[in-house]
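What follows is each chain in one-letter form.
There are 2 protein chains.
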Amino acid sequence: MKAEVITIGDEILIGQTVDTNSAWLGEQLHLHGIQLNRVVTISDDASSIREAIDDSFRHADLILMTGGLGPTQDDITKEALADYFGTSLERKHDVLNKIDSYFKSKGLEMLESNRKQADLPKDAIILENVRGTAMGMWFEKNGKVLISMPGVPYEMKGIMLDHGFRNIQEFFPTKTIIHQTIQTQGIGESFLAEQIRDWENALRNDGISLAYLPSPGLVKLRLTAHAENGDRERVRKKIEKYVSELEKRVPQYIFGREKDTVAMAIQRLFQSRNLTLSVAESCTGGLIAQEITAVPGCSAHFLGSVVAYSNKVKMTLLGVKEHSLFEHGAVSEQVVKEMAEGIRKTLQTDYSIATSGVAGPEGGTEEKPVGTVWVAIAGANKTIAKRLNLGKSRSRNIRISMLSVLNWLRQEIISGSFE
Amino acid sequence: MKAEVITIGDEILIGQTVDTNSAWLGEQLHLHGIQLNRVVTISDDASSIREAIDDSFRHADLILMTGGLGPTQDDITKEALADYFGTSLERKHDVLNKIDSYFKSKGLEMLESNRKQADLPKDAIILENVRGTAMGMWFEKNGKVLISMPGVPYEMKGIMLDHGFRNIQEFFPTKTIIHQTIQTQGIGESFLAEQIRDWENALRNDGISLAYLPSPGLVKLRLTAHAENGDRERVRKKIEKYVSELEKRVPQYIFGREKDTVAMAIQRLFQSRNLTLSVAESCTGGLIAQEITAVPGCSAHFLGSVVAYSNKVKMTLLGVKEHSLFEHGAVSEQVVKEMAEGIRKTLQTDYSIATSGVAGPEGGTEEKPVGTVWVAIAGANKTIAKRLNLGKSRSRNIRISMLSVLNWLRQEIISGSFE
Chain A
4 MKAEVITIGD EILIGQTVDT NSAWLGEQLH LHGIQLNRVV TISDDASSIR EAIDDSFRHA
64 DLILMTGGLG PTQDDITKEA LADYFGTSLE RKHDVLNKID SYFKSKGLEM LESNRKQADL
124 PKDAIILENV RGTAMGMWFE KNGKVLISMP GVPYEMKGIM LDHGFRNIQE FFPTKTIIHQ
184 TIQTQGIGES FLAEQIRDWE NALRNDGISL AYLPSPGLVK LRLTAHAENG DRERVRKKIE
244 KYVSELEKRV PQYIFGREKD TVAMAIQRLF QSRNLTLSVA ESCTGGLIAQ EITAVPGCSA
304 HFLGSVVAYS NKVKMTLLGV KEHSLFEHGA VSEQVVKEMA EGIRKTLQTD YSIATSGVAG
364 PEGGTEEKPV GTVWVAIAGA NKTIAKRLNL GKSRSRNIRI SMLSVLNWLR QEIISGSFE
Chain B
4 MKAEVITIGD EILIGQTVDT NSAWLGEQLH LHGIQLNRVV TISDDASSIR EAIDDSFRHA
64 DLILMTGGLG PTQDDITKEA LADYFGTSLE RKHDVLNKID SYFKSKGLEM LESNRKQADL
124 PKDAIILENV RGTAMGMWFE KNGKVLISMP GVPYEMKGIM LDHGFRNIQE FFPTKTIIHQ
184 TIQTQGIGES FLAEQIRDWE NALRNDGISL AYLPSPGLVK LRLTAHAENG DRERVRKKIE
244 KYVSELEKRV PQYIFGREKD TVAMAIQRLF QSRNLTLSVA ESCTGGLIAQ EITAVPGCSA
304 HFLGSVVAYS NKVKMTLLGV KEHSLFEHGA VSEQVVKEMA EGIRKTLQTD YSIATSGVAG
364 PEGGTEEKPV GTVWVAIAGA NKTIAKRLNL GKSRSRNIRI SMLSVLNWLR QEIISGSFE
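Line by line, the protein sequences are chains A and B.
In my numbering, each number is its position in the first sequence, counted from 1, plus 3.
In my numbering, each number is its position in the second sequence, counted from 1, plus 3.
Looking at chain A on its own, in the form it has when it is part of the complex:
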């Protein structure tokens, strides 16, 4: 069974909004054993919508359509769908009551434009949206299905999780694709490929495909295999064998699987060993703290971070010596070590990390060009630092610095270098 996603919205075509819905739907469809064939993003007009549906129904049995259902005047999807499926809009009073309760629960007044969201196609099955006022709609035609949902990710996901996937599984029989993802940090795509070439060849000969998925600072490896009914457990074990083999082979680069982040790996490591962590950030500007606190439950190991953007803060809150700043500059081995030691001492944690660098786009010198970043780790017995030589892009430099120092901390603690 094949599916396609149709995303409606001029805002995506003119680059005002990044489409994150398709990635989420693609992932969820795969988890449900459904192959996503294509994603098509089209303009907010009736003829494009009609043409895209015709086209997708030629390739696939299921269309997931997002966008174009807001209460404001720029949305025409609902009318176009009613027309396509040969029905018309009618005010659904049970839906109107739900929208009314939704507004009451938020203590807000209901507007006429909100009331209109209860005008829905007669012949569609309504998939309730409890997170907003634009309902999901399920249409059937010649044994094929189209689900239309609002484009707001939070609402779309809610409708799919509450109703969409269950209804799809009841309507269509499905088969299985098995994936496993390995998360790596600290090595480029081609260097990693070179190091693991024989492993990769054995994998492919065993019927498992491999994809390298690079993003700034990270390379994900995705293993994929198909499984027949009754064969799932065997295929899953085969994939697991290869994954464990690789984890033993390059442990310094592999920090996790699937959706793991380096911060999650740190959290598992610190909490299993009862360790605490503090952070002092200059060029990363709060991103390290943000990445750590994005993981629920982080308060058991993470005490806090000082974002010491100015030299004054480095001195006041971290105890960096004025002499060190004057002699070596803020971006230096000496200062980044003092930052790490300062925050570790003040917050009395087992470990601390620190960053200081020239993120760009301005501020580089010949000796310390844009992309020069010092990172440090302080523990009870020693403080270590290293210099990263990154590129010209501010946001990439900040992100790669954060990933590098967190993965370095992970490596150093696992290797026992601080014991």
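Honestly, I wouldn't trust all of these hints.
[Unchecked claim] Now the stretches of chain B that chain A is said to cover, found in silico as 3 or more residues with beta-carbon under 8 Å: (1) 108-121; (2) 215-228.
[Said to hold, decoys possible] The calculated lysine-lysine pairs, modelled on DSS-like cross-linking and capped at a C-alpha distance of 30 Å, are: (3) B:K109 to A:K251; (4) B:K109 to A:K223; (5) B:K109 to A:K395; (6) A:K348 to B:K324; (7) B:K371 to A:K101; (8) B:K371 to A:K160; (9) B:K395 to A:K101; (10) B:K119 to A:K395.
Hints are computed from structural coordinates only; laboratory data are not their basis.
Beta carbons are placed, not taken as given, at the ideal position from N, Cα and C, and that holds for glycine.
Fit chain B to the supplied structure of chain A, relying on the hints for placement.
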């Protein structure tokens, strides 16, 4: 002249990667007056690639294709393109030399897989990629053009900016679409629509279309109009008139235009008035500092932030009283005010902001359910605080808290409430 984007990559279809390239290309094409008709994301296989090209050439004159050019074994795009355009791959020695220099400049050793990236279609024009080793390729057929580029955003953007757009403008004549975007914070889509209904109607009657683009905590308004040759200045002025009118009407919600962030608005405001800012964050976990420091030049007004995740840090670094934590809890008006006052005093800034809340998913109580967030602003003469009642999603709660407190700070300073 119409364009389409074809994105190649199983990683997008199974949701491992979010496609940000299309949004960037859409935006840039619009700036160049080229309409992006559709975005199609397809699988990494030869027949899907061939079918997608045929299909897009039926609708459009220009195809921008991203992805599928990496050095590892999962990439087959180059061969598929050579085949489609009736040519074959040959090793290009000038390209090989460039790849060689690229590796030398990074101090890295060149691998055989990198060498293969110099194997390129005989009849394609090579668009040099100075940021990586996968070159861009320009193909022509029956007066139509296909540009193939690597999927890494940094490299793809570089190729388009260095060569792509200039070559397109030389090859095709173009017309003009004019956009203006207004950024709002602090009001929902339908409430905003209700407040500005007469303005919106006047706008539409004047031939300008309007789209509401909501994202967590923000609503963007996009005005769009077409302009004939020689008419651009008049249309631009007409749009400007409506935008200024709205800025006067709801200044509390409008913090900027186009790609402005609330942090940029704060930076302009603080730097024009020679003011300084410090931050104390609990539930936002560094996101406020991160948002502020994402703007180059922020060091002129932003001194730093303390991410006080534990109560210990609130007391040690911010001077919050143990009694207040015990009596009111960390998520309270009293504590958030003490946090703001503490950081302002320690770092001696003109203003400070603070956050303390239950971001979720755990930690809620009946009195303070998940989504309860206190935010505060401290100035020389007073400290003010307010309670936000947000939802159940951790990442949304953190993001909306950050946006709300920054926009509130902007409003309070503009309104002169602290003077």
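Each hint tested on the structure:
1. Coverage of the region 108-121 of chain B by chain A holds. Counting CB-CB distances below 8 Å, 4 residues qualify, and the rule asks for three or more.
2. Under a criterion of three residues with beta carbons nearer than 8 Å to beta carbons of chain A, the stated coverage of the region 215-228 of chain B is upheld, 8 such residues being counted.
3. Among the hinted pairs, K109 (chain B) with K251 (chain A) is consistent with the structure: their alpha-carbon atoms are about 29 Å apart, no more than 30 Å.
4. Under the criterion of a C-alpha separation no larger than 30 Å, the hint pairing K109 (chain B) with K223 (chain A) is consistent with the structure, at around 22 Å.
5. A hinted pair counts as satisfied when its Cα atoms are at most 30 Å apart, and K109 (chain B) with K395 (chain A) qualifies at roughly 14 Å.
6. The straight-line distance between the Cα atoms of K348 (chain A) and K324 (chain B) is roughly 21 Å, inside the 30 Å bound, and the hint therefore holds.
7. Taken as a hint, the K371 (chain B) and K101 (chain A) pair is honoured in the structure, with Cα atoms around 26 Å apart against an allowance of 30 Å.
8. For a cut-off of 30 Å, the pair hint linking K371 (chain B) to K160 (chain A) stands: about 26 Å separates their Cα positions.
9. This hinted pair checks out: K395 (chain B) and K101 (chain A) have alpha carbons roughly 20 Å apart, not beyond 30 Å.
10. Restraint check: the Cα-Cα separation between K119 (chain B) and K395 (chain A) comes to about 27 Å, which is no more than 30 Å; the hinted pair holds.
The earlier numbered hints are all upheld by this structure, with none contradicted.
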